[in-house]
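Asker: Protein sequence lines, in the order shown, are assigned to chains A and B.
First residue of the first sequence: 0, per numbering that gives the first Met the number 0; consecutive thereafter.
First residue of the second sequence: 0, per numbering that gives the first Met the number 0; consecutive thereafter.
These are calculated hints, taken from the structure and not from any lab test.
Keep in mind that a hint or two might mislead.
SDA-like cross-link-like pairs, simulated, lysine to any residue; straight-line CA separation at most 20 Å [stated by the list, open to error]:
{"no.": "1", "chain 1": "B", "residue 1": "Lys36", "chain 2": "A", "residue 2": "Lys46"}
{"no.": "2", "chain 1": "B", "residue 1": "Lys36", "chain 2": "B", "residue 2": "Tyr146"}
{"no.": "3", "chain 1": "A", "residue 1": "Lys148", "chain 2": "B", "residue 2": "Tyr182"}
{"no.": "4", "chain 1": "A", "residue 1": "Lys148", "chain 2": "B", "residue 2": "Tyr250"}
{"no.": "5", "chain 1": "A", "residue 1": "Lys187", "chain 2": "A", "residue 2": "Ser210"}
{"no.": "6", "chain 1": "B", "residue 1": "Lys36", "chain 2": "A", "residue 2": "Asp144"}
{"no.": "7", "chain 1": "B", "residue 1": "Lys36", "chain 2": "A", "residue 2": "Val143"}
{"no.": "8", "chain 1": "A", "residue 1": "Lys27", "chain 2": "B", "residue 2": "Lys36"}
{"no.": "9", "chain 1": "A", "residue 1": "Lys27", "chain 2": "B", "residue 2": "Thr38"}
{"no.": "10", "chain 1": "A", "residue 1": "Lys46", "chain 2": "B", "residue 2": "Glu280"}
{"no.": "11", "chain 1": "A", "residue 1": "Lys27", "chain 2": "B", "residue 2": "Tyr182"}
{"no.": "12", "chain 1": "A", "residue 1": "Lys148", "chain 2": "B", "residue 2": "Tyr179"}
{"no.": "13", "chain 1": "A", "residue 1": "Lys27", "chain 2": "B", "residue 2": "Tyr198"}
Covered by chain B, according to a simulated footprint, are these stretches of chain A (three or more residues, beta-carbon under 8 Å) [stated by the list, open to error]:
{"no.": "14", "region": "108-117"}
{"no.": "15", "region": "224-235"}
Residues of chain B placed beyond 10 Å of chain A at every Cβ, according to the derived structure [said to hold, decoys possible]:
{"no.": "16", "residue": "Leu26"}
{"no.": "17", "residue": "Lys36"}
{"no.": "18", "residue": "Trp48"}
{"no.": "19", "residue": "Phe50"}
{"no.": "20", "residue": "Leu60"}
{"no.": "21", "residue": "Pro79"}
{"no.": "22", "residue": "His114"}
{"no.": "23", "residue": "Tyr182"}
{"no.": "24", "residue": "Val185"}
Even glycine gets a Cβ: it sits at the ideal position worked out from N, Cα and C.
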Amino acid sequence: MKTGPVGIRVSGLHKTFRVPEHRIHTLKERALHPFRGNKFEEFEILKGIDFEVLQGEFFGIVGRNGSGKSTLLKCLAGIYRVDGGTIEVAGRLSPFIELGVGFNPDLTARDNILINAVMMGLTPRQARDRLDEIVSFAELERFVDQKLKNYSSGMQVRLAFSVMVQSDPDVLLIDEVLAVGDAAFQQKCVDVFYRLRAEGKTIILVTHEMSLVERFCHRALKLSGGHITHIGDPAEIGRAYMTENFSSYSSEEREGSRAPEVRIVNAWVTDSNGAKADAIPFGQWFGMTVVLEVLQPISQPGISLWLTSEDGVRVFSAGAREDGEALSDMEPGEVVEFSVAVRNPLSAGRYFVGCGVTRGTAGLEILLFQNRATDVVSYGVNLHGLVSVDMSPALTRTRPDRETVS
Amino acid sequence: MTTAQLELRQIKGPSALGGGWRRFINLTWLVASSDFKLTYFGSVLGYLWSFVQPLLFFGVLYLVFGVVLAKAFVKVSDFPVLLLMNIVLFNFFQGATGTAVASVLVRENLVRKMHFPRLVIPLAVVTTAAMQLMLNLVVVLLFMLIYGIQPRVTWLLLPVIALAFFVFSCGVAMLLSSLYVRYRDVAPIWGVISQALFYASPVFITIESIQVHGQTVTRAYMCNPLAAMLQQARHWMIGNSPGTPAIMGGYAWALIPAVIGIGICVLGFYVFNREAPRIAEEL
Numbered sequence: 000m001k002t003g004p005v006g007i008r009v010s011g012l013h014k015t016f017r018v019p020e021h022r023i024h025t026l027k028e029r030a031l032h033p034f035r036g037n038k039f040e041e042f043e044i045l046k047g048i049d050f051e052v053l054q055g056e057f058f059g060i061v062g063r064n065g066s067g068k069s070t071l072l073k074c075l076a077g078i079y080r081v082d083g084g085t086i087e088v089a090g091r092l093s094p095f096i097e098l099g100v101g102f103n104p105d106l107t108a109r110d111n112i113l114i115n116a117v118m119m120g121l122t123p124r125q126a127r128d129r130l131d132e133i134v135s136f137a138e139l140e141r142f143v144d145q146k147l148k149n150y151s152s153g154m155q156v157r158l159a160f161s162v163m164v165q166s167d168p169d170v171l172l173i174d175e176v177l178a179v180g181d182a183a184f185q186q187k188c189v190d191v192f193y194r195l196r197a198e199g200k201t202i203i204l205v206t207h208e209m210s211l212v213e214r215f216c217h218r219a220l221k222l223s224g225g226h227i228t229h230i231g232d233p234a235e236i237g238r239a240y241m242t243e244n245f246s247s248y249s250s251e252e253r254e255g256s257r258a259p260e261v262r263i264v265n266a267w268v269t270d271s272n273g274a275k276a277d278a279i280p281f282g283q284w285f286g287m288t289v290v291l292e293v294l295q296p297i298s299q300p301g302i303s304l305w306l307t308s309e310d311g312v313r314v315f316s317a318g319a320r321e322d323g324e325a326l327s328d329m330e331p332g333e334v335v336e337f338s339v340a341v342r343n344p345l346s347a348g349r350y351f352v353g354c355g356v357t358r359g360t361a362g363l364e365i366l367l368f369q370n371r372a373t374d375v376v377s378y379g380v381n382l383h384g385l386v387s388v389d390m391s392p393a394l395t396r397t398r399p400d401r402e403t404v405s
Numbered sequence: 000m001t002t003a004q005l006e007l008r009q010i011k012g013p014s015a016l017g018g019g020w021r022r023f024i025n026l027t028w029l030v031a032s033s034d035f036k037l038t039y040f041g042s043v044l045g046y047l048w049s050f051v052q053p054l055l056f057f058g059v060l061y062l063v064f065g066v067v068l069a070k071a072f073v074k075v076s077d078f079p080v081l082l083l084m085n086i087v088l089f090n091f092f093q094g095a096t097g098t099a100v101a102s103v104l105v106r107e108n109l110v111r112k113m114h115f116p117r118l119v120i121p122l123a124v125v126t127t128a129a130m131q132l133m134l135n136l137v138v139v140l141l142f143m144l145i146y147g148i149q150p151r152v153t154w155l156l157l158p159v160i161a162l163a164f165f166v167f168s169c170g171v172a173m174l175l176s177s178l179y180v181r182y183r184d185v186a187p188i189w190g191v192i193s194q195a196l197f198y199a200s201p202v203f204i205t206i207e208s209i210q211v212h213g214q215t216v217t218r219a220y221m222c223n224p225l226a227a228m229l230q231q232a233r234h235w236m237i238g239n240s241p242g243t244p245a246i247m248g249g250y251a252w253a254l255i256p257a258v259i260g261i262g263i264c265v266l267g268f269y270v271f272n273r274e275a276p277r278i279a280e281e282l
């Protein structure tokens, strides 16, 4: 664990939003009902947050929607006034709640850069001095005197990110910036993160992207319902976050067909120790199990389990065999358990375990088709692809022959 | 490592002025000047158009009150240039405050997503209007020369008049823009009030037409800070009428509109400053 001077210290932070039951919008109403509107409904969003971030630390904040992480960020950024507790920050802090705030589409990129940089805390002179760097980092040299409304959204994002990076704050607050921009830009952001990390900047990253947290963050915290539920190791946080996300979905009704012949009694996922689990680390063995109850006789039955990604792409499927043979006919009252063990090749994310039952061999009749019998979350590695496969990349480089040149 | 020297500072949350004076002034200037550029350099005739409007207004008022209804009012020498100057000054006040009312809401983005000193927003609106006022006053001076007014030493005091109008407009702008966040009918109400102020100030009704009603009425009339400033401007620039203290009957009397004006500015700042920390949540 790192030690050193503290970059951000938050102690006992409380934030409550008071929403009036009857909102008075006009002076007329105020004059007509001078005493109305004193009742408020209170929403306590942050219920006592304490944490410290060391200088030079890359710190992640995760949490589901409504957990209070955006409110926390806005308190840190000085946008909301806190109701209790203190926030202390070492040095100049630049918040990036959203890229391109304060851009004026009718002004040229040059003017926008100057204004934005001053908003970030530079003096106008510093802003002018850094203009060229900002423009070249954003790769927009040719368009610097164009009005911003003629920029594509991607160009605007590049410009905004560039201003942010070049404004050189001591502490950066970044909220979901990477959700925008094309792959090349995202790569650039990642490069910048590495650089800032190496330069020893204090960075707070609020994101849903667990792979980013695990990749960059020295430490992280997870918020839930206005409390810090976990703080510490990013991998641990990532797992906790995935599990929390999972559990709220598992109660949802599963889609699927109702079959008179067979029904799914239960479906679950087990980890490498055989215990039921919702989240599986990359590379470890896990099992998918379905239990079926046969209601009517099924001749020449077939059972299969498969896994689909959240985008609906089927990753793989497995058919049931009995001693290497096709299954024998099934009778009513029979209970069938089918499980598949897999070594987790999946990129981080949520996957659905599907199950199907068929009848017949030649003219296959689908009796039961349930695409989401249960869910499984994979964590640990973002593969930039769906699965990892056995592979051996090879690289050959042919350099120009120097001797023939001279 | 240089970062080790950084001291922990407490974040105080949003405020009217937050982030230091330099940043505050820089931001106000940048926002105001870029708005000014947008308004007047966007089209070829940019600035010209902005002067055509008060000029046309001047034409209408002059025709009505200087020619058609001339007999209803006390005759004043050099009425056309006086009227033009009054219109330009009052237009500045009305335009600046009218735009400022909704300004904080219009720039909602800055308030909700950045640590942005809130006071910059209404002040930048007034500053943009003040830039136009400067240009307009130059045109007014040209008109005065063409009309045949003799240049006088007190012309050098024109910046004092402009500054007084600027400060007073800022005060009203602060008050209105912070109230507007809570009460949306401030905009139409202010529309009516500023129209009423137009008639309650010596823009086209000159002080001579008020004085016929006696000293008490005149004093009450001059308590309006706009009336006091316009009258003083007339005294210094055109010189065909005494200054505000003389009209009211002494410097002590002239303190009343001054105190009212400053009072409005202080109230405006107080209200804005009190509302500022919560603006992001109220929007």
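Asker: State for each hint whether it applies.
Answerer: Do the hints match the structure? See the list:
1. Lys36/B to Lys46/A: Violated: Lys36/B and Lys46/A sit about 47 Å apart, past 20 Å.
2. Lys36/B to Tyr146/B: Violated. Lys36/B to Tyr146/B sits at ~31 Å, over the 20 Å cutoff.
3. Lys148/A to Tyr182/B: 33 Å, violated
4. Lys148/A to Tyr250/B: Measuring from Cα to Cα gives roughly 55 Å; hence the hint is violated.
5. Lys187/A to Ser210/A: Holds: Lys187/A and Ser210/A sit about 16 Å apart, inside 20 Å.
6. Lys36/B to Asp144/A: 14 Å, holds
7. Lys36/B to Val143/A: Holds - the C-alpha atoms of Val143/A and Lys36/B are around 17 Å apart, at most 20 Å.
8. Lys27/A to Lys36/B: Outside the cut-off at roughly 38 Å; violated.
9. Lys27/A to Thr38/B: 34 Å, violated
10. Lys46/A to Glu280/B: 18 Å, holds
11. Lys27/A to Tyr182/B: 9 Å, holds
12. Lys148/A to Tyr179/B: 29 Å, violated
13. Lys27/A to Tyr198/B: The hint is violated at about 25 Å.
14. 108-117: With 4 residues closer than 8 Å to chain B, the region 108-117 of chain A meets the three-residue bar; holds.
15. 224-235: violated (count 0)
16. Leu26: 6 Å, violated
17. Lys36: 8 Å, violated
18. Trp48: 17 Å, holds
19. Phe50: 22 Å, holds
20. Leu60: 31 Å, holds
21. Pro79: 37 Å, holds
22. His114: 4 Å, violated
23. Tyr182: 5 Å, violated
24. Val185: 7 Å, violated
Violated hints, in rising order: 1, 2, 3, 4, 8, 9, 12, 13, 15, 16, 17, 22, 23, 24; the structure is consistent with all others.
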